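Build the complex from these two chains, which are given one at a time in their own frames, with help from the hints.
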Amino acid sequence: MRKRKEKRVPILLRIAVSLALIYILAPILVIIGSSFASVANLTFPPKGFSLRWYQEYFKDTGWLNATWISIKLAMIATACTVLLGSLSAYGIEKSKHRNMWLSFFTTPLTIPTIISGLALLQFYNFLEVERNFWAILSGHIVFVTPFVTRTMYTSFYRFNHSIEEASWVMGAGKVKTFLLIVLPAVKSGLMSSVFFAFITSFSNLTISIFLATGKNITLPIKIYTSASFDPTPVLSAISTIIIIITITVMMVMKHFGDHE
Amino acid sequence: MDALVIKNLEKKFGDIEILKTINLEVKQGEFVSLLGPSGCGKTTTLRIIAGLLDATSGEVYINGVNVADVPVHKRNNGMVFQNYALFPHMTVAQNIEYGLKQHKISRAERRKKVREGMELVHLEYLAGRYPKQLSGGQQQRVALARALVLQPNLLLLDEPLSNLDARLREEMQMEIRNIQKKLNVTTIFVTHDQKEALSMSDKVAVMNKGIIEQYGTPEELYDNPKTEFVSTFIGYSNLIRGVVSTKDEHRMLLETNYGKVQIPLQDGLETGSRILGLLRPERIRLKKTFGSDLNCIRCTVIERVYAGSSIRYTVKTITDQNVVVTVIAPDESNNLSVGEEGCIQWLAQNMNLIEVNDEETD
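Chains A and S are the protein sequences, given in the same order. Heads up: the first sequence begins at 177 in this note's numbering, then just goes up one per residue. Heads up: the second sequence begins at 7 in this note's numbering, then just goes up one per residue.
No lab work stands behind these hints: they were computed from the structure. If a hint is listed, it holds; no wrong ones were tucked in.
Pairs of lysine to any residue residues, derived as SDA-like cross-links and limited to a Cα-Cα distance of at most 20 angstroms, are as follows:
(1) 270/A <-> 61/S
(2) 294/S <-> 326/S
(3) 352/A <-> 108/S
(4) 270/A <-> 19/S
(5) 107/S <-> 359/A
(6) 363/A <-> 95/S
(7) 266/S <-> 349/S
(8) 209/S <-> 226/S
(9) 352/A <-> 82/S
(10) 350/A <-> 53/S
(11) 430/A <-> 95/S
(12) 110/S <-> 122/S
(13) 352/A <-> 77/S
(14) 352/A <-> 96/S
(15) 293/S <-> 336/S
If you want a taste of the chain S side facing chain A, the calculated C-beta under 8 angstroms gives, among others:
(16) 78
(17) 79
(18) 82
(19) 83
(20) 85
(21) 87
(22) 95
(23) 156
Listing some non-contacts, in silico: residues in chain A with all C-beta distances to chain S over 12 angstroms:
(24) 185
(25) 197
(26) 423
In this text the structure is predicted, and so the values were computed from the model without any measurement. Glycine included, each C-beta is placed from N, C-alpha and C at the ideal position.
Here chain S stands alone, though its shape is the one from the complex (with noise of 0.2 angstroms):
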């Protein structure tokens, strides 16, 4: 059974329509991002799996659970804030201890179970202190405990580490993946930091104007991004657009902003289609030489950043557009300078086509 199932979700504010459709189904002890720019409807998601907030229609169940009916405080969730939102007045044992009384559990299992939560995210020195005596990340794991002692049915961070500095949050990012992994909870995770999301996922939902735009895991949606925003707002891509204007038995030759490309025959797509096609700056070979080899673009280098390891340069085809390559372990074959001219090639199955539809204008 699935620990959380949403179907068909919608909310509105008023007039405004925060989601529009949102299906998600999350396996027991899944870690899931919801990743997406402000205002894409992550948190309003996280808000109504809670309990903080009604959807306008739609199911919500939690363990085969419809929750519709269920109030936030019956639904036993682990929750933290982007501000933490430790209670001011309370120590940090007592922070840890405030919903195992809640849940009406017996002094004596209280006592064992805040030791243990303050023994997991390693604060056990800091039992007695108060919420403004602690630092940020330390503020953070007892946000974090308070949450997980509860055992949850479903832990849900709201932008948890946003207010931490980078290197903190690299910290905390390991760490919070290795306690759920460890307890086995299963996490919905809100983020706007794409890095974060792919590194720290066992899934992706990346959402976009209150739709999720793709769900999947982190390679899928790197290496095989279904849509245009997913492709530009998980790493960078270059878009090719352009139709197919001819086709035979094995390929099809595309007309595109980039020049004449010719690629093996794909499912749905026929002369007169109109494409978009995805491809990762990795994905593309630079060369020195340019013979009349196939699908071979010609260009001209017109920037060049090195970073030891790999090489990125920007060149210009000569239809006029630019394109970002990187070029991974540079070697004399494809170590340009600025100015220098090349070709560009890449395998028919590294570039992700997208038919688009005329009436698609944005």
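Chain A on its own, in the form it takes in the complex (with noise of 0.2 angstroms):
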């Protein structure tokens, strides 16, 4: 903790960044509450107060495996993303054409995501793809690596590239360079890589809903039908417990850049 002197803030931003903070946190803050709530429909304030809608989640081996199928989904297209984003950002930060091959590499940043996941059943249904587990994954995988690239970009970018030299002149190969040098060096960046990866895949419902049958439904999925469907507090639940998870992350990530 670095000590700050004491400044006055004037009280009309204390007022306008409280009333801002509200309008961002409320929505979840009645998530959080209702979760907790006994009665069966979604109502705030919350009536009662009981876990047993973090019970029948636990219980219930729909939600189970739609939980389990997009961390699945999440973990592997965190790896496969983050190595592939890493590796073309590395070669272009290299390259001579730098501007113009970043711009083609993260190209699908620019197309609506809903356009994106049309395109990929278009696309499979015209390859006859099976629309299975590893389909979504391939979905996740070219939707989440621009993302990576572009972080991972700027970390290259940001990098003092004469230590990379001076690893070699000291007789270590590239790989080795790129292992025990470059790889530390943009470590802040590779982690909000990796938690980005993750979030984006673990969340996302926009291509999946086009990939996805019945055998494969992901948790986004799974909460999208039921909101529409079926309301129940177990949202509200399940909501809560990701959210946990998130801050849980972001405290520990925060914790390890301190470090740095």
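Next up, the structure:
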């Protein structure tokens, strides 16, 4: 913790910031509150207090399956996209026409997700690919990789390249140097890539919904359909769990980030 | 055998010619500076020696071996970068140990060498610190130790002192030179600072626009510059331009922008040859008296800067040329004031004559 000089914040600014925070956080507070309600309809303020919706979530194999599929998807997608995105960013940064290559590799970011989803669906139909887990996974990889590429490009761009050269001169080959010197130097970029890749894949609905079949319902799809046809406080319980996990991961990352 | 030989080295980036036929020979244990203004190709040359850049053509031999096919990590050179390039996630000791690990040296041996390396640069007490906790000078020492523990074929220094303040820079100049002599490591030092190059080096290669203008000891470069560029880049030179007007068995008469000057016969100069004479300010004598002396050029003092042990004058000749004259240990006969008339004179052997080709217009 750094000591900061106590500065007088103008009262109007305080009010404005508070209002903005309330506006942003209120819906989330409603969700968290309603997850502990004891009655079955989604109401606010919540009535009573119970953990039954959490119990119900952990008892329901449908919810658990969907969660597990989403976790698996996000984990594999994260591994693949961080690898692909980092390597492509490293190559782009070293190339002569880096701006051109960067635009090329991040083109998918400019296409609305729903169109990407539709395009993938038609593409798989055309190729007669079965819409299974791997189809969804490949969709997620296509969708997430450009985010990683962009983040990692910034990291490599800021990286002091003479430390890489110093390592070469001292006798380490290119691969060794990449692993021992370059990767540690872009650690914070890598960690945020891992985090955002995981969250992006885990929470993706638009791509998954085009590619999923009954056997491969992801958690966002299940939440979406449940909210449309059968709203239950279990939704709030799941949302709360996801929020808590996200905040925990962010805090852990910040903790490691501070040590750099 | 020479530790480093460079033959006809050329480097082009696209259409731009950065190096045009560089030739250089460095003996084992020599400290050689590549000196020149920015963009002259000195850093490019160093990076080609290190293996960080490929040459367009030409050869580099390190200890007699043509290194064209030896990749950078197999050349066993030590390099210190302008921004030090320490590994930020490693301590001082780990930074120094890194290269030793890559060379597959045993743990016990590594420990010993890391300790020796830190002692060499007087940093034993900082072994566990991270680079960002060190001052610029300390980082510089770590970078030096890190390069030296590998017992490199060549120590390559890329403007390593340019980020340090003046006092620290002088201290490090002495220290680098002492360590270099102690270890007898062949060193290539890139700098744009002529004072630094002169005071540290056994030999200096003065580079300009992709060529080596002159390669020699600091004394040779200062006392006997071969080109106009060298004479003006290293120290200050007055430039005398003129033509050989007449010539007999013993003497030649030059018609110059300073007036008529008589000199002994010189090989290669004929009547009509265009010449450039280079004259150091401290090689010119300034006198109050002006008789009918030969080679005595009348002038008026227009500026006088007193510096204790010496006085620097700017005088204007009757041909309207400004000449800088440094009078060392001034006395009554050569202590002139501004506006006073006098005459300047010099020994013919102190004027370096270069024949100028008419084609060379720049």
